[in-house]
Amino acid sequence: MSPGDVLRLGLLGIRGRRARAALSALGIAIGVATMVVVTGIPAAGQRALADRLAALGTNLLRVQPVSAGDQPTLLPAESVAMVRRIGPVEQVSAVANTHRVVRRSDLIDPEDGSGITVLAARPGLLPAAGAAMSSGSFLTAVTARFPVAILGYEAAARLGYDRLPPPGAPAARVSIGNRWFSVGGIMAPAPLAPELDQAVLVGWDTARVLLGFDGHPTVLYVRAREDTLDDVRAILPATVFPQLPGLVQVSRPSDALAAKREGARTFGALLFALAGVSLLVGAVGVANTMVLSVLERRREIGLRRALGARRSHIRAQFLAESVLLSALGGGAGAAAGIVVTAGYTAWQQWPLVIPLGPVAGGVSGALAAGVLAGVYPAVRAARLTPTEALAAV
Amino acid sequence: MTVLALENVTKAYPGGFTALDDVSLTVAAGDLIGIVGRSGSGKSTLLNIMGTLDAPTSGTVRVDGVEAGALPDRRLATLRGSRIGFVFQHFHLLDALSAADNVAIALLYTGVARRDRRPLAVAALERVGLGHRVGHRPQQLSGGEKQRVAIARALVHSPALVLADEPTGALDTATGEAVLDLLVELNRTERATIAVITHDQGIADRLPRRITLRDGRIVP
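Same order as they appear, the protein sequences are chains A and B.
Okay, so the first sequence: first residue is 1 according to the numbering used here, each after it adds one.
Okay, so the second sequence: first residue is 1 according to the numbering used here, each after it adds one.
To be clear, the hints were calculated from the coordinates, so they are not data collected in a lab.
Hints are supplied without guarantee of correctness; some may be wrong.
These stretches of chain B come out as covered by chain A in the derived footprint (C-beta under 8 angstroms, 3 or more residues) [as the list claims (entries may be wrong)]:
| no. | segment |
| --- | --- |
| 1 | 47-60 |
| 2 | 65-79 |
| 3 | 88-96 |
Ideal Cβ positions, reconstructed from N, Cα and C, are used throughout, including at glycine.
So here's chain B without its partners, still in its complex pose (with noise of 0.2 angstroms):
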């Protein structure tokens, strides 16, 4: 089953830069892609377009089969906020917030009670290790154990796909390991369909199927 389709996707910049052009993927359920690319090879714009952040100056995006330039504000949110989980490299995390309150994040925007919130997101924390930092504020984890957070951010509310934007460029490289471990780990036992984007081969190596990206088009 294909959760996310990209058909002749190009996006150009005022001023003529074109930081993709006519690119075409899919991704099926239970995928683990690595998408890798140099810097300044539009990694980081085939990501905004994959999660609908950004849209495409043409092409069309399929997500869980609904397209997204179809759809207005309200509706895209709704779309990214179920189907998509994001992991960014510098985590993003609130600092006001406990671990499970940052997770719980994503269950705010799509529609889960105030009371069901907090129990999915000990359980998800769970997932990836962290059920004894529950309460823990950003602060008091270290850099893996953030990421971590994130991840569990990512799935709490089971998207379809999980975006993760260079999930081990800002640790060091054992935590980088450990964090890419659970990221296989999860779509093996969970059958997550997880898409790593990096520059790093070297990671890109250790998954079931990669793109390479260069000026914007895809390698064959």
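So that you can see chain A by itself, here it is in the shape it has in the complex (with noise of 0.2 angstroms):
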């Protein structure tokens, strides 16, 4: 017998039950579906996140100041100028809270700020924090003079603002600290400088004039050069604060980012050993549907026997079938997931990934199942002596 006869004696036992064929392939391809997927879905999520992380620079620090005791630990106004002269330093931009409330009317309780922070900005932000504005304009060196305040994109929403009013309506304003401010633009989300989502910024004169700030900045953004940027960030606590480097920390948001990822990896290897177990499920169900196979068809197996079939013939067609089952379901089964996965990254805007190693282990692994699914099964169709496969009712 050729290989070809193999397969097409495995496929006369698909054929003849095709109801009962496709449910006990539907386990195998529901487990490989499920491979793909819970790899396809993270790959492409951590493929965005790469190609996001690549757009905004891993270069950015962060510093702030711990606070010791019950004092606000308050770092030094001229800190912004001394980081600017660190050769290697690219950009550098602060903001500092000015403990002042904002509302959308006056005739909101003072004392319900929704949560929002107003932040007093330093010229540079946006690029130094790796933001962007969604609408209008940032603070220019003009705007910055003036009672004009940019509103973080969660405090945006927060304020009821989501654009900015049309030409000719009514300009939006907020108040802040009971003063009116004209708000200039409504900023993107800030992946590296979350807390700028919930904040509504003002120039820094204007909030030294307006507001009573003091000009102490509470958080510094600084972009160095990449090859350098371990070294800055040594010398950067003696650099902002030379009294108490030690009340100062610098992080590194695009690692927050990477960690994130990391521990949705560690979910999406539980999530695969599931499919695993799912997989494992599915080739209980086709060594099921084997055995019944070969209870149902002793006459059958009897009459090849008579016709020259030897116990290694009855075996190879019984595993044939137990396997080509199962690849059928794999072969569905990665099909459905790149599907499930192509659409769902679609909706989501990220790029596609085809998870090849996971399609490919999911076909393999639906493979071996079948092997294993089907010895029994065919070992015991073997075994059958031709005269009792023959009797058999």
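Work from the hints to combine the two standalone chains into their complex.
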């Protein structure tokens, strides 16, 4: 018998009982589809994150004081200028908490700031923090000296300004510390500086004049050459706060995003293991179907033995049927998994990453499951003597 | 020329029942034998042993001069597949396959190349008068036609001996007659060696040579 003959024999049993074959292949298909989806979607998410990180840049350092005791630590007002003197530093900017309340209207309870922080912003914040505007424009040298506020992405939603009013309509205004500020723009989400999402930004000098702000920065955003980042990071605390460098914390926001990605990876491994279990359950289903198939087809086995089939021919026939059944399930599952992954990533606007490893792994896992599921029924079929097989009802 | 020889064959089952007791017989090429006996006389056991489907407890079985008892399963299966053809009472056709494909199964295990199987199967169907039913499924055939397909399957590989186990048992009288006529005809025109196992004395009487079994022994 040629390999083609063995395959045709395997197909014969499947063709004869299509509905049952489809149902038992379904178990395998679900297992493989799950494998592809649980690896494909995180892989696409990681690729999207990596793309975004590459666009945002990984050379941002965030400098922040840690409070010691009850008293908040105040960074020196001249710290921004000090950092700018470090050679490899390319950009530096800062924000400072004004501890003022922002409201949509002065009729709202003055204590109710909706959890929004009012920050004074130094020029150059937008590129330094890797942020962008979704509408309007950021503070310029001119608007920074007037009562103009920029809304963070989340803050804008809380204040009820999803976008700026069209020209001609009444201008958007917010009340900060009982003074009216006109809204100059709304920011897009800032993944590297999520604190800006829930903030309203005003010009540094405006804050000093109108809001009684003391000039001490709260967070510094420092961009340095990538290759010198560790060195810059080492000298930043002493530069920012020479008196108490131990109270200065330097972090790298892109690391936090990457760590989140690692977390997702661990979770993904767990899901993958679960998918493996469901593949195993699928294999048990195939084994069941095969045991049944052997029982029902004892007369066929007897006939084939009478027509010259060796034990090994019978074994090969049922093993081929089991492997084909699983392979059909595996193929269908892989296809379904790819379709679901493609649909989800398209919806999320992520790049599509077809996880070739898991697809290959899932399909070969299905084949292995088919072999595993087929061995016992095939051996049983081959062990039947021709006479007892022919005598079966 | 002897195609099948049984020498002092005994078949005893566990529990002490002896189905065949010291049976010796030979079948020569071109023979048409009726093996007749009532139910329980050992006919089926004899058929199984003649067809090498079962091994005797003692005694020897030679098919075409080869001693079957000395062969491992692998070679015994090949001997059975190439030298013996079977016709069963209940046809044993596979419903999923066409008549030609059912006949071609008999060529699958004996190493006939795939491209040669179908022409041989069609030729065999033509020999039994079913040239017009080649593509039909068993469900689309009458009982007599099914048994003709089975006879074509038993003949397609030109075996040394065809064993027919109650070939008319599942058919009405007229159809049974026609099937028997076909076997007689194949024996006469193609010199096919055929042994028909039956409980029906009337059928056995139509065959040139008869062996009667009673209680596991050949009645002299």
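Tested hints:
1. 47-60: holds (count 4)
2. 65-79: holds (count 4)
3. 88-96: Our answer is that it holds, as 5 residues pass the Cβ test (under 8 angstroms) against chain A, meeting three.
In this structure, none of the earlier numbered hints is contradicted; all agree with it.
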